[in-house]
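Can you build the whole structure from these sequences, using the hints too?
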Amino acid sequence: MPEIKKVLVANRGEIAIRIFRTCRKMGIKTVAIYTHADRKAPHVRYADEAYCITDGPGDTSYLKKDRIIAIAKKLGAAIHPGYGFYAENADFRRSCDAEGVVFIGPSAEHIEMMGSKTGARAVMTEAGVPTVPGTKNPIRDVEDAKKVAREIGYPIMLKAVYGGGGKGMRLVHKEEDFESSFRMASSEAQNAFGNGDVYMEKFIIQPHHVEVQVLGDMHGNAIHLFDRECSIQRRHQKVIEEAPSPFISAETRAKMCKVAADAIKKIGYYSAGTLEFIVGADQNFYFLEMNTRLQVEHPVTEMITGVDIVREMIFVAEGKPLNYKQEDISINGHAIECRIYAEDPSNNFSPSPGLLTVYQTPEGPNVRVESGAYQGYEIPLYYDPMIAKVCANSKTRAGAIENMKRILSEYMISGIKTSIPFHIAVLKNETFLSGVYDTGFIDNKFDMEELKRKQEQDVTVPVIVASIKQLLSEKISASRAVTRPEVDESDWKRFGKMINFSKTLG
Amino acid sequence: MPEIKKVLVANRGEIAIRIFRTCRKMGIKTVAIYTHADRKAPHVRYADEAYCITDGPGDTSYLKKDRIIAIAKKLGAAIHPGYGFYAENADFRRSCDAEGVVFIGPSAEHIEMMGSKTGARAVMTEAGVPTVPGTKNPIRDVEDAKKVAREIGYPIMLKAVYGGGGKGMRLVHKEEDFESSFRMASSEAQNAFGNGDVYMEKFIIQPHHVEVQVLGDMHGNAIHLFDRECSIQRRHQKVIEEAPSPFISAETRAKMCKVAADAIKKIGYYSAGTLEFIVGADQNFYFLEMNTRLQVEHPVTEMITGVDIVREMIFVAEGKPLNYKQEDISINGHAIECRIYAEDPSNNFSPSPGLLTVYQTPEGPNVRVESGAYQGYEIPLYYDPMIAKVCANSKTRAGAIENMKRILSEYMISGIKTSIPFHIAVLKNETFLSGVYDTGFIDNKFDMEELKRKQEQDVTVPVIVASIKQLLSEKISASRAVTRPEVDESDWKRFGKMINFSKTLG
Amino acid sequence: MAVKRTYYATVDGHDGENIVNLTENAHANYTVNVNGKDYQVDFEQINDTIFSVIIDGKSYAVDMTEKGDKFDVIVNGDHFNVEVLDEMKRLMKMRTSTTVEGRQVIEAQMPGYIWKILKDVGDEVKAGEPIMILVAMKMENEIKSPKDGILQELFVKASENPQESTVAIGDKLAVVE
Amino acid sequence: MAVKRTYYATVDGHDGENIVNLTENAHANYTVNVNGKDYQVDFEQINDTIFSVIIDGKSYAVDMTEKGDKFDVIVNGDHFNVEVLDEMKRLMKMRTSTTVEGRQVIEAQMPGYIWKILKDVGDEVKAGEPIMILVAMKMENEIKSPKDGILQELFVKASENPQESTVAIGDKLAVVE
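Protein chains in written order, with the numbering used here: chain Y, 1 to 506; chain H, 1001 to 1506; chain Z, 2001 to 2177; chain U, 3001 to 3177.
Just so you know, these hints were derived from the structure itself, not from any lab. A couple of the hints might just be wrong.
No more than 25 Å apart at the CA atoms, straight line, and that leaves these computed lysine-lysine pairs for BS3-like [stated by the list, open to error]:
{"hint": "1", "chain 1": "H", "residue 1": "1006", "chain 2": "Y", "residue 2": "428"}
{"hint": "2", "chain 1": "Y", "residue 1": "40", "chain 2": "U", "residue 2": "3119"}
{"hint": "3", "chain 1": "Y", "residue 1": "73", "chain 2": "U", "residue 2": "3070"}
{"hint": "4", "chain 1": "U", "residue 1": "3144", "chain 2": "H", "residue 2": "1475"}
{"hint": "5", "chain 1": "H", "residue 1": "1006", "chain 2": "Y", "residue 2": "5"}
{"hint": "6", "chain 1": "Y", "residue 1": "405", "chain 2": "Z", "residue 2": "2058"}
Note that this is a predicted model, so its numbers are computed, not measured.
Listed below in structure tokens is the structure:
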């Protein structure tokens, strides 16, 4: 494998910049790609080179496989896919291989293997990783099925083989209910999907989403970088992650992390990856799926281990061995990440794109900000609404939470609404503070209405400031004759022109 | 001692904000003071309360002892002095005591004791700390003095007792030169200061400025937080600091840190303090002076030890014991700080105050920014030109330097000149990279002319962008009739008004 | 010479009207009487939307945007919508605020583009029935009829090309009567 | 329709004149010929002074401020002072650039305030001799005579109160002849 001297990131926003940062540090040249809509996105300026991959403003898609690979090939650049887009796309990886472009990620075979949930579970079971107990096959004989259910232990969940969206599903708490539940699930599945096949799985009570970060190289080395707790989710989207998990015991951690590292060693996986587990209230853990990419939440792992995961991915793609052995990795403190979305939490998290008239990121100690925005940036409509990730760390979890509250209080964003008030509310929630929260947290333990209630019911301060502003505006209107600016220009363009005026004259 | 519920910081700029950050984290209310000139300084907004201490714009001084203490007394706030201003002012501390205001710092006695250099050395010698060998007393008998010089070992330095500014000083390399040098120094001193008294000190070759951070409480506990290397100085002003020192050996570190902690324990010192040492090329170290305050460069120590020094100072002022024992403190990685000044390094570091038209601080991993500025801030003429401190850390010194280069490359400041190009040049300097540099670094090992030479001699890019801008400006001038804005307004005010316009109309 | 004003301020979600007597003592320095109580105020604009306001010693970094007589104010993370009217505007508003039922104009509540239109002009619609789909940041948002009635007008066209059907906050989308 | 211009650009500290032929192909899109070589340029303003410029695929975040025909340009940390003139301005400049010796106007090179004035009008001064002290950011800066001569005029007064003697960059301080 040749040394990587240039990296094209087939992605945008904060993750493109995050990867460029490691490249810049390592002295590796960087290449950005962008769409017409993203011409002013900050990743375009951060890179040494930048190429547009769309033909016109009407096309906002980054999924331009052939163009991207052609650019990388021409420039002699390796490709890092980030997350989303072409990450976990075996076909893209194969095309890179075919064109002789280095892909910074796992092999096509591993991407494909983990791309199918059932396939991944079969492989992992084979590699010694526990999966949620159950029959993978449709239930044909009720009495046989009952026997299996007894072995698994109630409660169990019946699920339609061809199902989805909750139809053909039944939770069964005891054997007496098994038969009737099975019939209902089967008939519901028949009606909904034209096929009545149903299978059975253990139902995990108060499930936690805990994942293990792993790294492998092409020389058969594989290590884990410990775990992350990702149970704070809204509509199956992670919003706050922490490392290490405050819920799992030291014993569970040791078992889970070892099982993960051993498994990827066994299957010969290389580059970064994540094994997602569901952990029950009883600390039993079961493999759910494996992500064959850099995760959004990887910074919390970097903060507690001191490992730059992107740097390792680049070394591994060059064919070098990992810079760390398992015994070099230890947990140092605690880290938390909040994903900042351009959404209005007091209005059912509706999207809130627009112009960032003020954008000041937090400073001071124990902060890591990974941002894809800047003051004056107009957040486009077409992409993911996550504009930044903010991480805080400390020696203890309580310290990290204290720090995060201080940090979020400094984040100044005007022009759009963000999810920051939601994060602050979570950070004050007693269940969250206890460290024992499951994936039902938002639904069961969190009061969304809280967000709409103002802490300060006294309106004196807003009334005073609005009144003074009204007076100032009246004075300006009165003292000047003004012409109406063009209505089709954004405020920002108008501002730009005004500034240019004053310069031309000044 | 009562619990501290409110803290007034008798300071401005980045250090006021840095102290407020810890208070906000701890749930302690904050009070800012400000001058008319500093009304828009960011520390005013960061605090929960803010009080003006000047009578009009003509007065720019923060030295308003009585007013400051009266405000703190009225509000029931403790006072943290930061550095400079009333830090290390025993009289201020005594007035606080007299008014029943808690002072977050050492006792008046210790401030006073360390305020006199000779007094401090005497105390520290007594407490077992090595000081630069020499006679403290005027030389009366040349033959006696020669004997002492032989014991100390050549080279020695002769200094005027009442001297300063290099007059009445002579470096003596060997005994044959002693007598003539002594006569010259003495006569020069007589002419310059009206007194010919001269004393003798060992001359340290290739001196390093290394200091030890200490913390003590009122219960007789005292610990050190290891050392900092501060030898990169310009005109006796520190510009880059690192922790730990790359120069001193593990053995020297152990000795020096222990001696420092033992000494402050012996003298009953409490709160944060720093013992400055001069370390010779031979690793011998000698006490120079003690700073009885929080240092500018304390963040590098916080980064390698994980201790929040301000938090400990607050606990100590409340009469609580330190949260750490010596065995809890260990060095984790390496940290570097660059002090960002509003100065033009390519023009002999001349001051460069003005309006920050763009101010984007670096983000990403391993960064700590302590800033006293923001986009739109007009840096006042009247205060210290340091606008921010930037710290980088990593597991190794090489990693921290790599990170710092990446970090400084992201710092976007327009409208004024800053010392950033100077820092980048130092970070690339071979002597600096070797880790063995002394206080003569800037004079002997650093090429100031380097800063004036452009890395890129090709002018194509600036010519292209300036030409396009010229075209755009011409087009705007041609297409519009404009009125000249008032000349006495700053650009920023003008911008503010324009924005208000468009809003009023929009 | 001191400038004086009397304003009537109302805050969304908070009952009652606040009577504000404002005196500008000097640049940036005001005495503000709210419902009979005096406050000393130091008021400075920091940038586009951030103001540094010190009220009787308490320091606030206020985020404020202005739309005509309405002010979107954020103080310590809390959001307030304040309307500030003088005597004349207040009288005009009282005259016109007899509520109009019947004709309902639907406006865009967020920026985005119209991906699909589900109803034609002349169609009968039920309250809550979707009329069109607005896409913003990869999410589809149904624009629903506020009442039972007839779709009278459509001001927008749908397109899969975002450039051709972009709408801004407050753009009229349709009329139901 | 493509806008075209020819400019003559000089850069402080760099010899020679650069001939620039500029063609605006579309919004933000230019073909720029510098001394005979063509460059494709994508040029966008990001904020007050930052521009995102992509030249033949190379991406630059350029910091640029404009003072009349002079442009203060920072590229990758390197500072350039570029003057861009059209044919007419270039001719005018060539006509007036016969150097004037004799009367020397001293201007403030940094903002600050005049703390002390050391010479009176009519005094004889040597080259390098301090005429006044300008204080900026706690540091004293001697303002020296550029030549031997007589101090002809003083445009400023000294004061220990910074408000009373503030000067901006480029303010005239004195004349020596």
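Worksheet entry | Pair hint residue 405 of chain Y and residue 2058 of chain Z, alpha-carbon separation not exceeding 25 Å | 21 Å, holds
Worksheet item: Taken at face value, is the distance from the CA of residue 428 of chain Y to the CA of residue 1006 of chain H at most 25 Å?
Response: It holds: about 22 Å lies between the C-alpha atoms, which stays within 25 Å.
Discussion item. Hint check: residue 73 of chain Y vs residue 3070 of chain U, CA-CA at most 25 Å. Holds or violated?
Written reply: Answer violated: residue 73 of chain Y to residue 3070 of chain U is near 41 Å, above 25 Å.
Item to complete: Please work out if residue 40 of chain Y and residue 3119 of chain U have their alpha carbons no farther apart than 25 Å.
Response: Violated, at about 54 Å.
Worksheet item: For the pair supplied as a hint, residue 1006 of chain H and residue 5 of chain Y, is the alpha-carbon distance within the 25 Å limit?
Response: 54 Å, violated
Discussion item. Between the alpha carbons of residue 3144 of chain U and residue 1475 of chain H, is the straight-line distance 25 Å or under?
Written reply: 42 Å, violated
The earlier numbered hints that this structure contradicts are 2, 3, 4, 5.
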